[in-house]
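When you get a sec, could you build the whole thing from the sequences and use the hints?
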Amino acid sequence: MTDTDKQKIMEFVNHLLSIPNISGEPPLIREGMIISFITQNIQQIKETLTSPRLFPDAPPEQTLKSILLVLRQLVLKDIVPRVESWLQNRIDYRIVQKLFPSREKDENIYRSGLSEYIKKMLMNSESRYNFNAVYNLFEYDILDRYVRQIFERRGSIYNEIKRVERIALEFEEYVEYTKIILLIKNTAYLRVPITTGVGKVTVNAGDLKKFSVPLSKFIVRQEQQVMSQLPFMTKQALVSAIKSNLKERMTEKEDASARLFYILSSRYQEYKPVNKVDRGAETPDKSWFGSSKKNSGYFGFNERMLHELYLIAGDNMW
Amino acid sequence: MSAQPPSQDVVGGIHGLQHRVGKSGQTGDKERKTSGLENFIIVAIVLVIIQTFIAELAVFYRWPVQARTILLILGFFFDLTFTVEFIVRSIANGRKKRFWSYFFRMRGWVDFMSSVPLLFLNSGPLVFLLLINRSAESLAVIGILNILKVVKAIRVTRILRLIRIMKIFGKIKNADSKMAQHHTTTVSTTAVSLVLLVIFAFTFITGDQGVQLSRERETYYRGLTQRLISVNPADTAFTERVLQADRHVLRIYRGVDEVYSGVDFDTWTGYYAVDDYVEIENGEYRIFVSLTDIEKKSAQNNMLIFMIVIVLVLGFMFLYSNHFVQTVSDVIFVLMRGFRERNYSLQVRIPEEYAEHEVFQLARFYNDKFLPAKMKRMHKLKMEKKSQLSMKDVFKFEE
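Protein chains in written order, with our numbering: chain A, 1 to 318; chain B, 1001 to 1399.
Derived from the structure by calculation, the hints contain no laboratory data. Treat the hints loosely; a few may be bogus.
Claimed, not checked - Partner residues aside, some chain A positions facing chain B, computed with beta carbon under 7 Å:
no. : residue
1   : 72
2   : 278
3   : 279
4   : 280
5   : 282
6   : 287
7   : 290
8   : 291
9   : 295
10  : 297
11  : 298
To be verified - Distance windows between CB atoms, simulated:
no. : chain 1 : residue 1 : chain 2 : residue 2 : range
12  : B       : 1104      : A       : 304       : 55 to 61 Å
13  : B       : 1336      : A       : 92        : 45 to 51 Å
14  : B       : 1327      : A       : 11        : 52 to 58 Å
15  : A       : 236       : B       : 1373      : 19 to 25 Å
As the list claims (entries may be wrong) - A partial selection of chain B residues facing chain A, derived with a Cβ cut-off under 10 Å:
no. : residue
16  : 1041
17  : 1332
18  : 1344
Cβ atoms here follow ideal geometry from the backbone N, Cα and C, with glycine treated the same way.
Right, dumping it as structure tokens:
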């Protein structure tokens, strides 16, 4: 591929990212939309790419590959510095070290381990797309404000976390615990090889039902994958992280944190901050939790948690 | 696997609905001229309200004649302007064969009532009086007095000027809701019209208090002079002493000689206008009796009415309209956005105290049934991967 072609590919990707229908979306969502569009129109796009005015000399598959590569590079150029910034400034490693004891006492080990693993997850398109929820939760300081309210109100969510899940953490500790879980939750979208009745398959959390893969087996494989890079990670935290991608019926009674993170991740996956709410309208979070309560069965949310989050959002005008 | 439902967040402040942003912006010359004219009328209405209040204040605080004359002339020009406005609007609507629609439905009657009667029954005659008074005082005394009597008898028409306040409602485009604007205008117009109608009817039935008191005073002093003269026709000094002792008597002439003046020349010329006193001729005596105390009371009453109307209108403008917007039009606005816009899913806020209102019952249905169904539908569409992009977007790059 010539330099001119590379330049043209860059321009083409920039053109796609700035299409008015999607230009208002966050980078990760835009990328997801473009990939989905290309997948749906693959034949037509291939024909278009070989037209004389685009890339007539290159095989369309190669051009397409380059396009997706450039697209990913451009998106990661926006996301990775933000992630590095959170890892640097938003995490209290003294608490993290207490929660996840390790032989290594240097907080840089934790930081670099997390950074590398997140980058690995971001190389996977599904994991990357779903990272938008994590991005928003960190970027807009959502965790701190909701967890604070949950701990102050001592309602049903608090009781489930404390008494059912038996997490004996204080507010500050639970916030840091939550951050670590959310940062690695998308590991569930990374494919791991599992031997099933039909043979060896490579699956992620989305394929468990399709291939009838037992969740426990999937968790063991994921554990191996995660522990190799994040040796300080505990099994309980990893289980919460993986299950925070699953509907309520796929979780156990004691997976309270996972159910909470599933709701918050769903809420903030396609979140866009609202400058001004219309007069006469409820606030965005309250509206979302309110509507979701009616669909809790369909989306797999815990209704009691939704109700409490609905009350929290209402009381705080979120 | 995550079944993330669609997000409902919207960029605040961007409203696609026309009723929130007022009239769509045509930028033609004609539109600009019309808008300029409308702004001029709004400014004129505000000014005429201020002028009306200050004119009453000037009477109450006994401002110099010159100041009151300026206010009178200003009032005349305002009445003239509004009369011209009414005529122009009538002709324009008449040409389109919708005069009656303009008169009754578009509040043309307010335009009429607050202009034509005032010009012909109040400010017009007063300015005419002023011109005659200035140019041929001695020749037209009888004419002046006759006009003055007529004007005073129907001075109640002054309150019609207040009706213009309601026109502001029609002129200022409520940026929030046309429905709220319309309802507030209707309610305030009804209330103000009824208040003024009661005052008007009461004045016509019982007569204007100021006019009655002026007549009583004139009759009293005519009778007093008559009785004093008849007691002892030869003793003019007695008659004059008694009259001089009266605080309302300003000046006394016997024949062409001034025998008494309770006010110095500068005060007389500077602070007494033709309607501040009454001139009584009786035999060889001509006496000038002050009416300023009656004028003052009359002005005080007018200011009270003025304040009542202003407070009433402001109350409707700020309190009632706010209530209407909160309990009706805002709710409908949110419902409309939810129905029309794909990505809009904010619930309607339902205040507990109004939950039984029909509009909030509809909102309850929207919150509990429509929005959850919409959320589900959007999620299904997303799962079907309906892309928001099209091949046209790709072809555009080729171009």
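Right, here's what the structure says about each hint:
no.	hint	result
1	72	17 Å, violated
2	278	6 Å, holds
3	279	5 Å, holds
4	280	3 Å, holds
5	282	4 Å, holds
6	287	4 Å, holds
7	290	5 Å, holds
8	291	5 Å, holds
9	295	5 Å, holds
10	297	11 Å, violated
11	298	6 Å, holds
12	B:1104 to A:304: 55 to 61 Å	59 Å, holds
13	B:1336 to A:92: 45 to 51 Å	47 Å, holds
14	B:1327 to A:11: 52 to 58 Å	54 Å, holds
15	A:236 to B:1373: 19 to 25 Å	38 Å, violated
16	1041	29 Å, violated
17	1332	8 Å, holds
18	1344	9 Å, holds
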